[in-house]
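Enquirer: Chain by chain, the residues:
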Amino acid sequence: MSYLKGFVVTFRQIFQRRVTTPYPAEKREKPERLHGRHVLGRYEDGMEKCIGCELCSGVCPANCIYVRGADNPSDTPISPGERYGFVYEINYLRCIHCDLCVEACPTGAITETKMFEFSFTNRNDAIYTREELLVDKESGKPKQLPWEDWREGEDLMTSGWLRATSSSGDASYEGQIAWSGDLGYGIRKAETGQSDSTPQEEAQ
Amino acid sequence: MIIASDPLLSSDIGLSVIAVMLLKVVIAFALLMVSVMLVIWFERKIVADMHNRVGPSLAGPWGILQTLADGIKLFFKEDLLPERADRVVFRLAPYLSLVPAFLSFAIVPIGGDFTNGGDGTVSIFGHRTLLQVADPPVGILLFLALSSIAVYGVMLAGWSSGSKYPLLGSVRASAQMISYEAALGLSMATVFLSSGTLSTSGIVSGQATWNWNLLATGVIPFVIFVIAGTAELNRPPFDLVEAEQELVGGFHTEYSSIRFALFYLAEFMNMITMSAIAVTLFLGGPNGPILIEQISWVWPILWFFLKVLAFLFTFVWLRATLPRLRYDQLMDLGWKLLIPASLGWFLLIAALNIGKDRGWSTFLVVPIGLIVLSLAALLLNGAIKKAKDSNLNAADLSEISEGSNQ
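Protein chains in written order, with numbering that gives the first Met the number 0: chain A, 0 to 203; chain B, 0 to 405.
Don't read these hints as lab results, they were simulated from the structure.
The structure presented is a predicted model; accordingly, all values stated were derived computationally and were not measured.
Mixed in with the good hints, there may be bad ones.
[What the hints assert, rightly or not] Quick list of simulated restraints, FRET-style, between CB atoms: (1) A/Leu33 with B/Phe28: 47 to 55 Å; (2) A/Gly5 with B/Asp331: 18 to 26 Å; (3) A/Val7 with B/Trp334: 29 to 37 Å; (4) A/Glu130 with B/Ala68: 37 to 45 Å; (5) A/Met0 with B/Ala309: 16 to 24 Å; (6) B/Asp327 with A/Met0: 19 to 27 Å.
[Claimed, not checked] One-sided and incomplete, this derived list gives chain A residues near chain B with beta-carbon spacing under 7 Å: (7) Arg17; (8) Tyr42; (9) Met46.
Here a beta-carbon is modelled for each residue, glycine too, at the ideal position from N, C-alpha and C.
Work out the full structure: start from the sequences and follow the hints.
Expert: Take a look at the structure:
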């Protein structure tokens, strides 16, 4: 009768719990350090963090970032430094979301958000320009493009925080704040380090 | 000559009789189409459940309209005709699959009260008629004939594609379907013996008092019928004909668009028809207790559909559980087990029937019959073993001779 054992096994599966999430209708919580699309951050006074140094462009293994720096206009400075990035383009047909640009950035200007649902249908739309990447001047929230699929609250707490490769990932940086403040959110709390296995809550 | 035992056709055939006939045809057609749609959904949903998946869930409530969506999609796809295909046969083959699938459903009684001496007729617009499109006296033979024609659909589809995988698939299909048809027919023959008729309504009315053929023929023919029927349908675990992993889909590799949809339709229609025939032959068709008198005509139809549903579930269950057979195992099962077993059982039942007529004691007929059958089984086993051994020896010899040549 061992022939029938297999039938019992398959029959039992019918009544077991499904782990599948009906994706577009319902979304699972994203991992803490998910690599999604980039944003360019601003300081708390609304100044752009990017200084147009092109380090991100240089480190990018996929050659997807194009940056041109320019001198700040002396009467209306855009960034607190000497120069600012006046052209900043990321080609998402090339980007592999490795976050090396985030590591390379000396001012913490470029960071990756958790938002990954941006299926554009046009090659031109694949190239995100400076205006599209910059967070809003007033609220500090990233700009939503028409083809991007966001859910409520996903655009909060996106910018400024070095999600993927924060220096606190290194044990010696545990408890230290290695980043500047963000428009709308202030200075983020230090990470507790990787010894703490439970994902820590962000500073509210 | 009696054309049919349907009381509808025994009186004068007027316009209203033709209208009732047409109504029955249309209802059978629509019923089969809708049930195919639901069965495909049912199969996908149940298999998904058995795999711990969700299955189709977006089109309509619980994804029930998934088949419709797929059908519409297929309809608008490009209809490809391979360059090396035999154009006429290639176009004809799907219909050779589809039409027999439709026609064989016509002889299945799907309702009607056969219990308490009822003749299974219902009244439609004042005409007494059976709840089946046709009731030819040859009944089940017609089904066998049609299922043989369906083999042509699969065979010619593969042959006319002008491509190697479909050809392999069709060669497998014709070998498999022909060899299993023998076992199928022999297991049916025991039913004819115990019912004494070939007509489907006759077979059903013979099982009206819970004396289902399942027990009357001794379960074995039923088991053989289900196995051979599964093989005949090319359903897993006998789906070598369309084995995706080996043959890229088998006979319908080159088919696309609506022609592919027709094959798909025919396959599931055959599944329903085979279940319906099995219910008719072995499980008493629409017979069952009538629980509420007021709607007495509903119950036989309900019982029929429940029984068919049980079969459909079994087919899905088989698919979710069993791995595909190897081709030689398939042929072994068919020729060396199913055909001899069904033939032996057929002889036993025949002996019992004759014994009853002649007034021989059943207690004598059964042991003698079993002894004869087991002797025959031993003989067959010995012959098979001998053949295998000599095959092995021949293989050894050729290996040795090859070795000495090097």
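Enquirer: Quick one: which hint numbers does this structure break? Sort them smallest to largest.
Expert: 8 and 9
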